[in-house]
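Participant: Sequences are here, hints too, so could you generate the full structure?
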Amino acid sequence: MAGAGGGGCPAGGNDFQWCFSQVKGAIDEDVAEADIISTVEFNYSGDLLATGDKGGRVVIFQREQENKGRTHSRGEYNVYSTFQSHEPEFDYLKSLEIEEKINKIRWLPQQNAAHFLLSTNDKTIKLWKISERDKRAEGYNLKDEDGRLRDPFRITALRVPILKPMDLMVEASPRRIFANAHTYHINSISVNSDHETYLSADDLRINLWHLEITDRSFNIVDIKPANMEELTEVITAAEFHPHQCNVLVYSSSKGTIRLCDMRSSALCDRHAKFFEEPEDPSSRSFFSEIISSISDVKFSHSGRYMMTRDYLSVKVWDLNMEGRPVETHQVHEYLRSKLCSLYENDCIFDKFECCWNGSDSAIMTGSYNNFFRMFDRNTRRDVTLEASRENSKPRACLKPRKVCTGGKRKKDEISVDSLDFNKKILHTAWHPMESIIAVAATNNLYIFQDKIN
Amino acid sequence: MFARGLKRKYGDQEEGVEGFGTVPSYSLQRQSLLDMSLVKLQLCHMLVEPNLCRSVLIANTVRQIQEEMSRDGVWHGMAPQNVERAPIDRLVSTEILCRTARAADEEHPTPELEDGPLQSSASELPIVSPAQGQRSPPSSLWELDNPQENRGSFQKSLDQIFETLENKSPSSVEELFSDVDSSYYDLDTVLTGMMGGTKPSLCSGLESFAAAAPPPSSTCKSDLAELDHVVEILVET
Numbered sequence: 001m002a003g004a005g006g007g008g009c010p011a012g013g014n015d016f017q018w019c020f021s022q023v024k025g026a027i028d029e030d031v032a033e034a035d036i037i038s039t040v041e042f043n044y045s046g047d048l049l050a051t052g053d054k055g056g057r058v059v060i061f062q063r064e065q066e067n068k069g070r071t072h073s074r075g076e077y078n079v080y081s082t083f084q085s086h087e088p089e090f091d092y093l094k095s096l097e098i099e100e101k102i103n104k105i106r107w108l109p110q111q112n113a114a115h116f117l118l119s120t121n122d123k124t125i126k127l128w129k130i131s132e133r134d135k136r137a138e139g140y141n142l143k144d145e146d147g148r149l150r151d152p153f154r155i156t157a158l159r160v161p162i163l164k165p166m167d168l169m170v171e172a173s174p175r176r177i178f179a180n181a182h183t184y185h186i187n188s189i190s191v192n193s194d195h196e197t198y199l200s201a202d203d204l205r206i207n208l209w210h211l212e213i214t215d216r217s218f219n220i221v222d223i224k225p226a227n228m229e230e231l232t233e234v235i236t237a238a239e240f241h242p243h244q245c246n247v248l249v250y251s252s253s254k255g256t257i258r259l260c261d262m263r264s265s266a267l268c269d270r271h272a273k274f275f276e277e278p279e280d281p282s283s284r285s286f287f288s289e290i291i292s293s294i295s296d297v298k299f300s301h302s303g304r305y306m307m308t309r310d311y312l313s314v315k316v317w318d319l320n321m322e323g324r325p326v327e328t329h330q331v332h333e334y335l336r337s338k339l340c341s342l343y344e345n346d347c348i349f350d351k352f353e354c355c356w357n358g359s360d361s362a363i364m365t366g367s368y369n370n371f372f373r374m375f376d377r378n379t380r381r382d383v384t385l386e387a388s389r390e391n392s393k394p395r396a397c398l399k400p401r402k403v404c405t406g407g408k409r410k411k412d413e414i415s416v417d418s419l420d421f422n423k424k425i426l427h428t429a430w431h432p433m434e435s436i437i438a439v440a441a442t443n444n445l446y447i448f449q450d451k452i453n
Numbered sequence: 001m002f003a004r005g006l007k008r009k010y011g012d013q014e015e016g017v018e019g020f021g022t023v024p025s026y027s028l029q030r031q032s033l034l035d036m037s038l039v040k041l042q043l044c045h046m047l048v049e050p051n052l053c054r055s056v057l058i059a060n061t062v063r064q065i066q067e068e069m070s071r072d073g074v075w076h077g078m079a080p081q082n083v084e085r086a087p088i089d090r091l092v093s094t095e096i097l098c099r100t101a102r103a104a105d106e107e108h109p110t111p112e113l114e115d116g117p118l119q120s121s122a123s124e125l126p127i128v129s130p131a132q133g134q135r136s137p138p139s140s141l142w143e144l145d146n147p148q149e150n151r152g153s154f155q156k157s158l159d160q161i162f163e164t165l166e167n168k169s170p171s172s173v174e175e176l177f178s179d180v181d182s183s184y185y186d187l188d189t190v191l192t193g194m195m196g197g198t199k200p201s202l203c204s205g206l207e208s209f210a211a212a213a214p215p216p217s218s219t220c221k222s223d224l225a226e227l228d229h230v231v232e233i234l235v236e237t
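If you read the protein sequences in the order shown, they are chains G and S. The first sequence runs 1 to 453 under the UniProt record's numbering. The second sequence runs 1 to 237 under the UniProt record's numbering.
In case anyone wonders, no lab produced these hints; they're calculated from the structure. All values reported here derive from a predicted model rather than from experimental measurement. Nothing false has been slipped in among the hints.
Incomplete in silico selection of chain G near chain S, CB under 10 Å:
1. L204
2. T232
3. S253
Where chain S lies over chain G, by a calculated footprint (3+ residues, C-beta under 8 Å):
4. 233 to 245
5. 288 to 301
Just so it is clear, CB atoms sit at the ideal spot from N, CA and C, and this is done for glycine as well.
Facilitator: If you want it as structure tokens, here you go:
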């Protein structure tokens, strides 16, 4: 298994020792629906961490410059900017509400002093510019300090305005609004490696946009059947290849992944590669299809592998091998015997995301009871950790958790029936270069750091 | 652990061949799963905008169950002459699952179960013909409790569910909403009436779905008994 090495991460084989760093969000037991975090994303440098919530807000945290005096602690993340990205809308044609929930945030690579990100709800994608202002001009000729226009007849002399320092102000402004291109709910956006285009995917279609052009998008994948009654499969996630700007993948509700090459035709309905693992006939049940539905797909940083998340497992695929994944990691196999209950309470439809670390040597995904799982691909070791307020002392090390499946429950283990299925960790993010992770637990954002560094 | 208010009653009906009152029979479990899925499809239609992925997955589950039930020969069908016109892929048409109020009015109003098939012997159980707007067994049983419900008031066609995501005029969306009445909230009393055992919940029995392969031979026997039971009730009404 070749994981690209380097990049400041500890070499594979060292045990990570994850410690609590920070938690953001209200402590209240009563969670306001609007505060539930719906997406988490580091930017390319890892200095900025963005979250989106169900209320349509985006909160960006910035990492403090490291204090040279305290070498053992790393920079903390503090609020940098907060803005309302999307508002609730009403579709009058269909008499249906359009939720303002932020489904995804994707950062653009930084090209100047300002930062740009794309945020999307079910229907509309917006490009936001986040810029700093720490100077103010004073001494205008045509207006006075209050901003009121001066009477032109009273201006007797000209002066050059001077720039004076002011308190840092971070402004977020919407630069582009990409609307009216999706009939169905947008589940993914992905910035292309050319840094000029991006894709947006809904349940049945994938559109290609140019970042500068808002009134036009190109449809590159369309799986809508002529007769909607024949619909049996939807698109669940899509992503551009990190290096090859003509390659994208999309996953489906039937557990398949299609890799498309945009050079082959304008409409990528025919895939270049088709990834599907043959079903194990001995474990077939009425729930087999539902649990095979892929909730997230992510390319590795190297671009050689991709990872998919279905309900019970995470799979790593080699792009050169379509027949089966090269790795399968069980996230919470103990839930397999509870599928009917999970179907009844709808938990079986929860969409968990997954992420790679910077060197592609480890992967992480969430589970229930505020547990999240990490798999080290080199050592083949995995660990279950918990994001909870109880383990929130500064730099406190997280203790591995274990779920007991039957029989005697050991001390410190938790039985499957005691798991809290309302506490689900759907969104996690890994710093692109360092051993810092962000874990969204309902309305709280936990930041953990590895102790070694 | 996942109690959703499903009341459990002591089952006086047939138990599974596997045991006495401990686990509901496979066909009962499968039936209950079908009922649950149909309810889910209805409920999701009432939301702000239905989650298409979820609807598709539930609909596929319903199709799978129906396919298996028809393979087992327990799918109550129409008169035998319709068999030829009903190839297997029509079975999975969503027409079967749900009917709009409009469609129900156009079609023959009396319960189809009164027609031929129930009088025919078990070996001649025909495949369902969707052209006649066939009912799924659960809805036929619901008819026994609430004859007024056979207008399909709580069952909407899946294509309507999908099409609300397309350009649908407000009036028809409202019409869909207005057809939903609260009587289907009594569903759980109907569902519990079908439950066999008391101690194990619906789902603990159904958990065995994940592992065990169904025993085809044993289901037919218990389903025939169920069939007789249904015939008795209908004949009395």
